[in-house]
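Novice: Residue-level listing of the chains:
There are 4 protein chains.
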Amino acid sequence: MKRLKLGMVGGGQGAFIGGVHRIAARLDGKWELVAGALSSDPDRAAASAADLGIPADRSYTSFAEMAQAEAAREDGIDAVAIVTPNHLHAAPAIAFLDAGIHVICDKPLAATQEQAQELAAAARRSDARFILTHNYTGYPLIRLARKMVARGDLGAIRVIQAEYAQDWLAEDTQNKQADWRTDPTRAGAGAIGDIGTHAFNLLSFVTGLQTEALSAELHSFVEGRAVDDNAHILLRLEDGARGMIWASQVAVGNENGLRLRVYGAKGGLEWSQENPNQMWFTRFGNAPQLLTRGQGEATEGTRIPPGHPEGYLEGFATLYSEAADLISGASETAPLPGLDDGLDGMWFISSCLESSRDAGRWVKK
Amino acid sequence: MKRLKLGMVGGGQGAFIGGVHRIAARLDGKWELVAGALSSDPDRAAASAADLGIPADRSYTSFAEMAQAEAAREDGIDAVAIVTPNHLHAAPAIAFLDAGIHVICDKPLAATQEQAQELAAAARRSDARFILTHNYTGYPLIRLARKMVARGDLGAIRVIQAEYAQDWLAEDTQNKQADWRTDPTRAGAGAIGDIGTHAFNLLSFVTGLQTEALSAELHSFVEGRAVDDNAHILLRLEDGARGMIWASQVAVGNENGLRLRVYGAKGGLEWSQENPNQMWFTRFGNAPQLLTRGQGEATEGTRIPPGHPEGYLEGFATLYSEAADLISGASETAPLPGLDDGLDGMWFISSCLESSRDAGRWVKK
Amino acid sequence: MKRLKLGMVGGGQGAFIGGVHRIAARLDGKWELVAGALSSDPDRAAASAADLGIPADRSYTSFAEMAQAEAAREDGIDAVAIVTPNHLHAAPAIAFLDAGIHVICDKPLAATQEQAQELAAAARRSDARFILTHNYTGYPLIRLARKMVARGDLGAIRVIQAEYAQDWLAEDTQNKQADWRTDPTRAGAGAIGDIGTHAFNLLSFVTGLQTEALSAELHSFVEGRAVDDNAHILLRLEDGARGMIWASQVAVGNENGLRLRVYGAKGGLEWSQENPNQMWFTRFGNAPQLLTRGQGEATEGTRIPPGHPEGYLEGFATLYSEAADLISGASETAPLPGLDDGLDGMWFISSCLESSRDAGRWVKK
Amino acid sequence: MKRLKLGMVGGGQGAFIGGVHRIAARLDGKWELVAGALSSDPDRAAASAADLGIPADRSYTSFAEMAQAEAAREDGIDAVAIVTPNHLHAAPAIAFLDAGIHVICDKPLAATQEQAQELAAAARRSDARFILTHNYTGYPLIRLARKMVARGDLGAIRVIQAEYAQDWLAEDTQNKQADWRTDPTRAGAGAIGDIGTHAFNLLSFVTGLQTEALSAELHSFVEGRAVDDNAHILLRLEDGARGMIWASQVAVGNENGLRLRVYGAKGGLEWSQENPNQMWFTRFGNAPQLLTRGQGEATEGTRIPPGHPEGYLEGFATLYSEAADLISGASETAPLPGLDDGLDGMWFISSCLESSRDAGRWVKK
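Residue numbers (this note's numbering), protein chains in the order written: chain A, 209 to 573; chain B, 209 to 573; chain C, 209 to 573; chain D, 209 to 573.
Hints listed in this document are in silico derivations from the structure and should not be mistaken for laboratory results. One should not assume that every hint holds.
For chains that are exact copies, the list does not tell them apart, and a pair is met inside one copy or across any two.
[To be verified] Derived EDC-like pairs: lysine to aspartate or glutamate, alpha-carbon spacing no greater than 16 Å straight-line:
id	residue 1	residue 2
1	K355	E379
2	K572	E420
3	K384	E322
4	K213	D391
5	K573	D447
6	K573	E420
7	K210	E420
8	K474	D380
9	K213	E562
10	K474	E431
11	K573	D380
12	K573	E482
13	K210	E240
14	K355	D249
15	K210	D259
16	K474	D286
17	K572	E446
18	K213	D306
19	K572	E508
20	K355	D548
21	K572	D447
22	K355	D335
23	K355	E505
Required output: the full structure, derived from the provided sequences and hints.
Specialist: So, in structure tokens, the structure goes:
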């Protein structure tokens with residue numbers, strides 16, 4: 209097994225989604241990050257690259273230079289991950305596509321329709337692949353939902369309720385993440401672009417239905433905000449299906465409430481991203497069933513057994529990470545279980561056996 | 209940032225927990241797997257090593273040889289992960305500890321008290337660290353729970369209810385995982401060792417209280433089973449606290465139901481591993497609060513923002529993994545989002561803006 | 209305490225909502241049902257009256273006759289409950305209002321705007337009261353929600369999401385309940401009238417905001433159905449608030465899913481009718497709190513302590529009802545607890561005390 | 209339909225469970241409360257009787273006098289409800305049983321084994337019935353659970369987890385309810401008697417299994433408390449089944465947490481009293497199903513359709529109660545829906561129809 213070589217545009221120190229892409233690339237051990245144009249600020253680009261173990265000669269300060277140089281190398285990158293704000297998706301994507309390098313791009317496609325069309329032209333003329341990280345399509349139960357709809361478990365689809373509710377922009381927040389997302393120039397749109405597109409993509413992915421028309425009511429609740437922070441959208445889809453999307457960044461009490469409900473003539477499905485290991489399925493006239501990741505058919509894309517929510521891997525990883533820090537001397541304070549915990553466990557086991565054999569006699573430590 | 213070098217004992221093809229350890233080691237990019245004694249069967253050891261990109265000269269068929277050889281190399285491993293069945297924890301752990309190599313060992317410590325004591329002696333005489341992967345201690349909200357108890361948010365602890373309920377051994381199952389876990393020689397004990405020790409460790413970790421005595425009632429429900437598959441255990445802890453543990457592998461409808469409830473004079477906490485991103489906290493006389501990973505203090509060990517359950521990373525990783533397979537030619541069928549999805553999203557954004565500006569006029573596609 | 213005298217129009221054998229009104233009237237012991245025009249079919253009217261203990265001379269076959277006769281009696285009814293299909297609300301309501309008798313009427317007001325206006329005129333010219341049973345306004349937590357919004361706990365209201373999802377009309381069902389509800393003549397409208405009006409009333413009740421305009425997309429999914437069975441509605445309310453209503457009778461997997469979410473500048477509330485004893489409240493930036501009926505301020509209109517969901521009363525009532533049937537000889541088969549259960553309980557108590565005093569010794573029965 | 213005549217011993221002003229019994233008796237309209245010995249304090253007895261509409265000549269100050277007098281009357285009570293503290297159950301029960309009057313008695317049977325045995329003797333020699341209000345046996349889903357176990361849906365029962373957790377006695381509370389429940393003389397025992405007996409009765413009722421032995425660990429956490437406030441109990445039942453009961457009045461964050469989980473060789477059931485309209489059922493190897501009150505077989509003892517949690521009746525009753533208060537002049541402030549709400553609803557319906565016919569045009573009010 210040889211790892212593919214990955215480059216990254218954006219994702220320097222202080223960024224959010226770049227780190228997520230890097231963890232995602234590492235998780236299954238199929239990628240190695242070897243190059244980057246991590247920031248337009250040369251100092252930050254260099255420091256970020258050093259943090260990530262990217263050799264200095266493959267840390268670039270411009271994506272154009274990077275595309276050219278990597279395409280020219282014998283051991284150049286196989287693909288690039290583009291994790292910049294929306295208005296900076298199209299230009300680097302075009303540069304890498306034109307250089308014959310595969311592109312993995314964060315969503316949405318671009319900040320404007322013009323940028324999108326230029327990118328589309330580049331993607332069409334290139335042999336390289338273009339992948340858009342609508343990450344919610346990667347959840348095992350979403351994959352199952354798509355399969356169930358496709359094979360008719362729900363019958364003809366009638367109604368789709370999709371929503372994506374957050375509250376982090378309920379006030380006039382100012383930070384790196386909020387700033388570009390509420391700037392029409394860099395983001396292109398507000399809630400509809402940042403999260404509404406996820407909901408729209410998810411309902412399309414699961415139902416396979418094309419949208420034929422929409423009617424929208426956008427609103428901006430926070431004074432002075434130049435983009436929408438709440439959106440109510442009605443959809444008319446193929447075959448007479450009807451849909452509703454609610455996207456909001458001002459719904460106090462919601463962290464990342466992406467939720468999809470699909471109802472057909474024969475059955476209904478309900479899924480919520482905040483509890484992604486479970487999905488409700490009801491056949492009309494029968495008791496609702498709780499489908500869980502890892503059981504039955506819900507196994508595509510799953511790495512661990514049912515009942516181990518996928519945070520299980522992160523908990524485990526924290527122990528490994530802390531062990532590395534202890535061993536390398538980076539930290540001395542991690543509360544890692546060790547020998548005494550193991551001996552306690554052995555006392556527990558042997559005392560349980562002893563007590564149980566003796567009618568529940570209390571065994572002292 | 210230089211990665212530490214990791215070896216692995218056990219975890220060859222067909223194993224479960226070895227793969228989990230490998231993902232955990234990769235997630236934060238601090239470890240590199242470079243050596244292994246992955247199976248006692250030479251062919252399986254070699255094939256497993258090749259799958260994982262371990263060089264042939266560092267794929268061993270005996271842990272003893274591996275400990276010796278790696279200790280002798282300039283670029284030898286920093287630590288070894290031991291992921292064998294319980295009865296094979298102590299011997300390799302001792303070998304590596306004696307060779308001065310740090311040990312990360314799966315729980316429980318050993319299959320018997322004798323093995324445990326020998327391992328303890330080795331750990332005490334070695335300068336190397338011994339870390340036991342009670343992985344549930346790595347969850348952000350468990351870390352927070354421990355902190356809250358320690359600083360007195362719950363007052364003096366009175367009652368602890370811990371349970372770990374599964375159903376996968378409700379019948380006389382026969383497979384690699386079940387076989388050794390129900391074999392007294394290899395496992396040492398049944399439910400109490402496999403999952404009861406997790407519950408016991410977790411309650412100790414969170415409350416910081418020593419157990420003073422226990423009373424147990426073990427039972428084996430499946431005919432012919434030689435170890436316990438259901439255990440009811442009462443605990444007396446320091447300072448008059450009382451506890452109850454229920455561990456079961458025959459509780460039909462439970463996948464991996466590890467649950468901890470802690471009640472003190474001033475407050476109570478409830479956490480369930482199947483929904484690890486949330487924890488209930490109630491101050492006596494006040495409304496219950498739902499604490500979530502990533503909010504307030506619950507940030508230790510967290511990698512992503514609140515509301516993105518940690519499965520978020522796995523969903524993302526699935527896209528990266530599939531992208532690698534597409535690019536390397538290993539697969540052609542992944543339903544990855546691409547250009548058309550991106551263009552659809554752009555239509556969605558611009559049509560929302562257009563419709564909303566025009567009193568909700570339906571915009572056709 | 210003297211009970212008020214109640215009459216009923218509609219609610220004969222086979223009806224649903226009439227029985228609910230009768231239980232509701234009995235629950236607190238403030239009403240006595242003494243007269244009725246229970247059916248337009250004389251035989252069914254008489255039989256229904258006999259079932260309910262209404263004297264034959266106060267069982268009428270016409271509401272007009274009933275209004276006249278009861279108004280003339282010294283001991284005539286104080287109020288009448290009107291529990292007929294929608295198109296038969298206005299005429300009896302007018303008759304009783306004109307006779308000076310208070311009216312308690314099921315919702316919606318009428319099947320048509322014309323009927324509604326005639327009823328309104330009668331209500332305005334009468335000294336008698338007119339009460340519309342939007343029953344969801346009677347829930348303790350809805351009362352609390354209204355109070356919280358009114359005093360500003362949520363700040364200025366921004367977004368309201370109301371939904372009422374059912375699935376009982378997902379197919380072409382034919383029964384007494386379905387027939388009139390899908391008949392445009394008798395019902396006036398479909399989902400919007402039967403359940404949408406509840407959602408609309410509830411959001412108005414809780415927020416106190418007037419709706420200024422709406423935009424709607426109604427649809428009928430079941431072939432041959434003459435009224436809407438799914439409705440998506442956008443609202444513009446006072447002070448710039450925005451709202452969304454979804455009412456559906458074809459959402460498979462939903463029994464009676466009335467749900468209200470209200471978001472303001474400072475806080476958010478979420479409540480679901482299927483779990484009416486709990487309500488989420490989040491102050492922006494703080495952990496969500498779970499408010500429960502009977503705790504704190506949520507005590508208006510509550511009869512039993514917190515944690516006793518209101519089904520508690522029904523469970524109790526079932527024992528009383530079965531006791532009556534046993535005593536009257538109407539039934540012999542109820543599984544009522546009795547002496548042996550009581551003796552078992554006493555053994556349980558004394559054995560617990562004995563075992564606990566003796567270090568958990570097993571006490572046999 | 210003639211109502212049966214009911215008397216009551218206990219339940220005067222300030223009592224809790226007496227009011228619950230009265231609502232329960234009224235709900236289905238089969239009982240009429242006509243006599244009482246509501247308090248041992250003559251003034252409070254008279255005032256309580258007047259509140260309840262009991263004629264003065266049937267308000268007694270002693271249960272002995274009441275039993276004698278009511279037995280002698282032509283129109284004497286059919287049954288008496290005994291709702292006094294535990295130590296006052298046996299004496300009145302004996303008096304009424306000896307007078308040939310049916311007894312409906314609150315649980316537990318008595319405060320001591322001696323009282324229980326005397327009551328048992330009286331019940332055995334009387335022709336009158338003795339009914340103990342273990343009210344949780346009246347829930348529709350508990351009835352269904354019992355039926356499912358009896359017919360083998362779960363296979364042979366193996367493990368039963370019952371718990372009843374509250375927090376209202378977490379501190380040294382002093383009030384009428386707490387005082388007698390923590391007084392060994394009046395209550396007989398603490399948590400085990402007040403709530404443990406409910407859990408024990410419920411598991412017996414559902415499984416039909418006799419308990420053969422128990423082992424208990426009782427504890428009292430609040431300083432100065434003379435009875436247990438936390439109990440851990442292990443059970444051995446018929447046919448090798450094992451059980452665990454946890455009863456606590458100091459588990460902070462629990463209101464009335466009665467929960468039952470039953471696991472057999474083929475299936476498992478989980479039910480929680482705080483959400484009584486739902487029950488989980490899993491057949492081994494299949495997805496968990498959510499059974500709901502009113503659907504499928506879960507219809508015994510249910511009064512309203514699925515999805516209308518039983519609080520639905522109380523919400524309705526609140527409107528009726530407030531209507532009575534408005535009409536009788538007892539109150540002027542109830543927020544009852546009326547004409548304007550009805551007209552609003554009619555505007556909603558007609559505007560939805562109008563907007564939808566016109567492509568979602570916004571319709572103003």
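Novice: Now look at each hint and say whether the structure bears it out.
Specialist: A quick look at each hint next to the structure:
no. : hint         : verdict
1   : K355 to E379 : neither (40 Å within a copy, 24 Å between copies)
2   : K572 to E420 : between (72 Å within a copy, 6 Å between copies)
3   : K384 to E322 : neither (26 Å within a copy, 57 Å between copies)
4   : K213 to D391 : neither (34 Å within a copy, 45 Å between copies)
5   : K573 to D447 : between (70 Å within a copy, 15 Å between copies)
6   : K573 to E420 : between (71 Å within a copy, 5 Å between copies)
7   : K210 to E420 : neither (44 Å within a copy, 53 Å between copies)
8   : K474 to D380 : between (45 Å within a copy, 12 Å between copies)
9   : K213 to E562 : neither (56 Å within a copy, 42 Å between copies)
10  : K474 to E431 : between (46 Å within a copy, 14 Å between copies)
11  : K573 to D380 : neither (57 Å within a copy, 33 Å between copies)
12  : K573 to E482 : neither (42 Å within a copy, 31 Å between copies)
13  : K210 to E240 : both (10 Å within a copy, 14 Å between copies)
14  : K355 to D249 : neither (45 Å within a copy, 39 Å between copies)
15  : K210 to D259 : between (24 Å within a copy, 9 Å between copies)
16  : K474 to D286 : neither (45 Å within a copy, 48 Å between copies)
17  : K572 to E446 : between (70 Å within a copy, 12 Å between copies)
18  : K213 to D306 : neither (18 Å within a copy, 38 Å between copies)
19  : K572 to E508 : neither (48 Å within a copy, 35 Å between copies)
20  : K355 to D548 : neither (49 Å within a copy, 20 Å between copies)
21  : K572 to D447 : between (71 Å within a copy, 15 Å between copies)
22  : K355 to D335 : neither (29 Å within a copy, 54 Å between copies)
23  : K355 to E505 : within (10 Å within a copy, 31 Å between copies)
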